[in-house]
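Can you build the whole structure from these sequences, using the hints too?
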Amino acid sequence: CTLTLYKVAAGEDLQAAVNKASAGDTVLVQAGTYEGNFTMKDGVYVSGGWNEDFTAQTEHAYILDAKQSGRVLNQPANFETLTIWDNFTIQNGKLTEFLDKLGAGVALLKNGRVINCLVQNNTFTYADKECAGGGIANNSGGDTCAINCVVRNNKGTHGGGIRTAGIAVNCIVENNEAANNGGGVYLHYLGGLHNSIVRNNVCKKDVGGVDMGAAGCAMYNCLIVGNH
9 CTLTLYKVAA
19 GEDLQAAVNK
29 ASAGDTVLVQ
39 AGTYEGNFTM
49 KDGVYVSGGW
59 NEDFTAQTEH
69 AYILDAKQSG
79 RVLNQPANFE
89 TLTIWDNFTI
99 QNGKLTEFLD
109 KLGAGVALLK
119 NGRVINCLVQ
129 NNTFTYADKE
139 CAGGGIANNS
149 GGDTCAINCV
159 VRNNKGTHGG
169 GIRTAGIAVN
179 CIVENNEAAN
189 NGGGVYLHYL
199 GGLHNSIVRN
209 NVCKKDVGGV
219 DMGAAGCAMY
229 NCLIVGNH
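This note's numbering numbers the first residue of the sequence shown as 9 and each following residue consecutively.
There's no promise every hint is true.
What the hints assert, rightly or not - Beta-carbon label-pair distances, calculated as ranges:
(1) 234 with 20: 36 to 46 Å
(2) 76 with 23: 25 to 35 Å
(3) 60 with 90: 26 to 36 Å
(4) 43 with 84: 32 to 42 Å
By construction, these hints were calculated from the structure, which means they are not laboratory data.
Note that the Cβ used here is the ideal one computed from N, Cα and C, for glycine as well.
Structure, rendered in structure tokens:
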């Protein structure tokens, strides 16, 4: 089959380009700030922070901003094909209702992944023990859900920064806050944290750094420091 490369210039409709693409296609997005709520599509690779002629990238220069109105980036269902969003700032998501239990910044299921992203200033305040993940939440056991991400200044009920049944690799999780479990990270089911730094997070009730909330969770080569 023929794969298609889509290019989204600053000010154009990113979601429309993603919706038009098919599995295996790539969407390149120019640097800029885009407001709203965004939805992943099965098998479509989305890459942000490109310059005007799409020849070079700047780190975290493409900003997805929900403006405190709902989730920033959503995976609506389990996917058949690995689906990646790469090099975005994901910020200002806010959830105050149940809304399928998952995170205010990014909600991921099977075969969903974010890499090289800055996830910041997202809040999930619904007071239910199953609602979790201020920054990133994943509900697919064993999947690698986040690579090379910085997750900071987020708030959640469980897992102020990350709540995951998947695996986060090479991440920095800092200055997040949780109401109950895992100020920085809450590992659930088969959740894992590898080669990461978890620092200066706060939990109002239980573990400040990393809460390993179930059998089968694992943590390797991590620095856990300065949490409360």
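Structure versus earlier hints - violations, ascending order:
Hint check: 2, 4 fail, others pass.
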